[in-house]
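Colleague: These protein sequences, in sequence, are chains X and W. Residue 32 in the numbering used here sits at position 32 of the first sequence; the count goes up by one each step and never skips. Residue 175 in the numbering used here sits at position 175 of the second sequence; the count goes up by one each step and never skips.
Careful, some of the hints might be misleading.
Negatives, chain X to chain W, calculated, CB over 10 Å [said to hold, decoys possible]:
#1 Y61
#2 D104
#3 S213
#4 A254
#5 I386
Using 20 Å as the maximum straight-line C-alpha spacing, the simulated EDC-like pairs for lysine to aspartate or glutamate come out as follows [said to hold, decoys possible]:
#6 X/K179 with W/D151
#7 W/K26 with X/E293
#8 X/K106 with W/E186
#9 W/K18 with W/D28
#10 W/K112 with W/E24
#11 X/K182 with X/E39
#12 W/K112 with W/E16
#13 X/K179 with W/D28
The set of hints was computed from the structure by calculation and includes no laboratory data. Glycine included, C-beta positions come from ideal geometry on N, C-alpha and C.
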Amino acid sequence: MSSKLNVINPGPTKAKDRFFDRKGEVPTEYFKDQLFDLEAKGEIIVHRIEEGNYVEVDTKYGRKKKIPIQNTWHHKSCGQCGHIPGYSTSIFWLHRQLGYNYYDPKDQTSCTAWNYYASSASNSAAQAAIAIRNFAQAYQDGYFPLIHCGTSYGHYKETRNEILHHQGLRDQVRRILDKLGKPLVFPEEIVHYSEWVHAMRDQIKARQKLDLSNVVVTVHPACHYHKLVVEDAIYDRDLYDGQRTATVSGIVKALGADLQDYSTWHDCCGFGFRHILVSRDFSRSFATLRKIERMKEEANPDVVITHDTGCVTTLDKSQFAAKAHNRNVGIPVLSDSQFAALAMGAHPYKVCQLHWHGVDNRPLMEKMGIDHEKAWAEFEEQVERIKSGEIEFLSWEDAE
Amino acid sequence: MGSIYADAKYQDVPVEEKERLFQEVKADMRWHTTLYGCYECGICVAACPSARFYDFSPRVFAQVMAREDVHTFYELLNDSMWDCSQCFSCTRCPRQNSPGGIITIMREVAVKNGMQSAKTALQAYSRIIYKVMSTGTQVAPDMLQPDFFPDWGPDVVKVSENLETWRRAIPPETLHTTELAWDVSEQTQLELYLIWKLSGNLDMIETLDEGIFMILTEVMEELLEEHGYDLDEVEVLV
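With the sequences and hints as input, model every part of the structure.
Modeller: What follows is the structure, given as structure tokens:
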């Protein structure tokens with residue numbers, strides 16, 4: 001017998017042992033080089049995150065990104081605040097519970113990018129001026145911007161590229177901002193709130209009150225988070241071998257939930273910007289046939305966790321009509337901030353405001369160990385106090 | 001160059017007009033980062049949600065623009081362009097094209113030129129344009145009405161019936177609103193109105209929908225006048 005046959009073939013390495021460390025050049029330019037260059041020329045002010053107030057994370061091509069811990073200016077989302085208010089409330093609640101200072105401004109407009117992607121009834125100068133007006137306001141208020149909406153996050157990164165590369169646009173925007181009495185400011189990082197949740201996941205886990213080990217979760221990564229200007233989304237080689245964004249999946253894993261995969265994870269939710277408001281037959285079909293039903297068949301999750309306004313809305317609200325057609329649907333949809341807050345013991349109605357969601361989330365709460373009947377009675381009690389005039393609003397103290 | 005389709009629509013539109021609009025798209029500063037050619041691999045189509053439910057293909061946009069086929073370009077500008085979801089899943093392109101980015105520019109050109117396709121596509125949507133431009137927030141709690149979202153189920157009814165009280169039962173004080181997503185300060189709204197005028201955005205709305213333009217300018221004028229501005233006197237800088 002040939003000695004060759006005695007050699008044991010080690011076979012392919014296991015996935016957990018495979019790492020893809022990038023050795024060569026990063027394929028995209030580094031925006032910070034241009035940002036600081038323009039600052040040195042006196043063209044713009046770069047709003048820096050203060051030393052000692054950030055966590056460093058890895059991004060797609062291995063560059064580091066700073067995630068501010070506190071003193072953040074919360075750039076709210078119109079879809080979250082308007083239609084899913086427990087989404088933003090949970091983000092604030094997490095900050096309060098972890099003891100981190102933040103600012104919830106009234107001097108903020110939306111990015112208006114939902115409208116832009118829906119209609120294009122705007123232009124680059126208006127879009128950049130709106131972005132930089134918000135950034136200048138945050139700078140003047142003394143807080144670093146933390147962006148709640150995935151579309152605002154993606155759109156602001158596109159705006160950053162346009163501002164950095166086009167002198168003509170910078171001149172136009174400067175003339176507009178001069179009229180408003182505002183400086184041309186750009187933050188050194190564009191940071192999405194879900195990146196903050198990701199960076200804080202160990203602290204959130206340390207305060208976890210509910211056991212989530214039997215809760216099956218699927219994750220929908222938001223398109224405008226990881227497909228628009230891809231290079232500064234968070235990737236982590238301990239999650240999906242670094243081949244998919246780690247944001248959202250990171251907090252789900254940290255909380256010990258049963259994270260399951262499904263084949264259409266890269267697909268959009270079907271939001272479509274214009275479609276979700278005036279052509280919902282498309283949004284509904286895509287959300288249920290390509291996302292919810294695939295998840296049901298392949299993972300049968302108790303909940304879908306995602307990190308953008310449009311994704312929560314589309315995946316959640318589309319299920320009612322599909323159910324009427326006896327489709328295989330019926331999965332609650334929450335944001336990562338709501339899921340993390342619930343895990344830390346947040347009130348499901350006073351804080352997470354789950355009564356604004358469409359799909360019945362009571363079976364999920366039962367699995368998480370939450371007494372939803374008691375919680376709803378507590379919420380109703382507060383509503384009665386408001387109705388009777390005993391209190392004008394539900395305060396944080398009432399909710400906490 | 002002739003159309004790749006022998007039966008291309010809009011044969012009656014002069015080629016010079018099609019060429020003018022095509023050049024307007026190519027003159028956009030973003031054009032040079034949206035198209036580098038096309039391998040015709042179809043990865044963008046596989047990733048595209050709109051391609052699954054409409055007669056729509058991001059690959060056709062890349063190919064037609066790369067071939068400078070102004071006849072088919074004009075057809076896309078009038079028809080399937082508005083089916084795009086703007087999710088940018090097509091940026092999976094191995095040639096680094098962005099068909100979604102091409103469409104953003106094309107849509108902007110259609111709006112600026114007051115094309116009928118834009119007016120038709122945005123007819124039902126224009127009240128949203130009014131909402132975002134007048135308030136600074138795109139959607140608001142009071143839009144959650146059963147007649148607007150009948151397919152979202154009975155929860156919309158519950159929300160609309162309890163709207164006033166439920167909004168006050170949310171802890172952050174900025175969210176105690178019904179007509180806006182959050183409480184936007186008057187000074188901030190004023191600055192937003194100035195941006196719409198200074199950037200030429202308001203002129204685009206006049207071209208797109210005169211009715212919305214008139215209602216919008218009325219609202220804007222009121223606040224601007226309170227702060228000593230005359231809307232007609234505010235110069236367009238772009």
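Colleague: What are the numbers of the hints that this structure violates, sorted from low to high?
Modeller: 2, 5, 6, 7, 13
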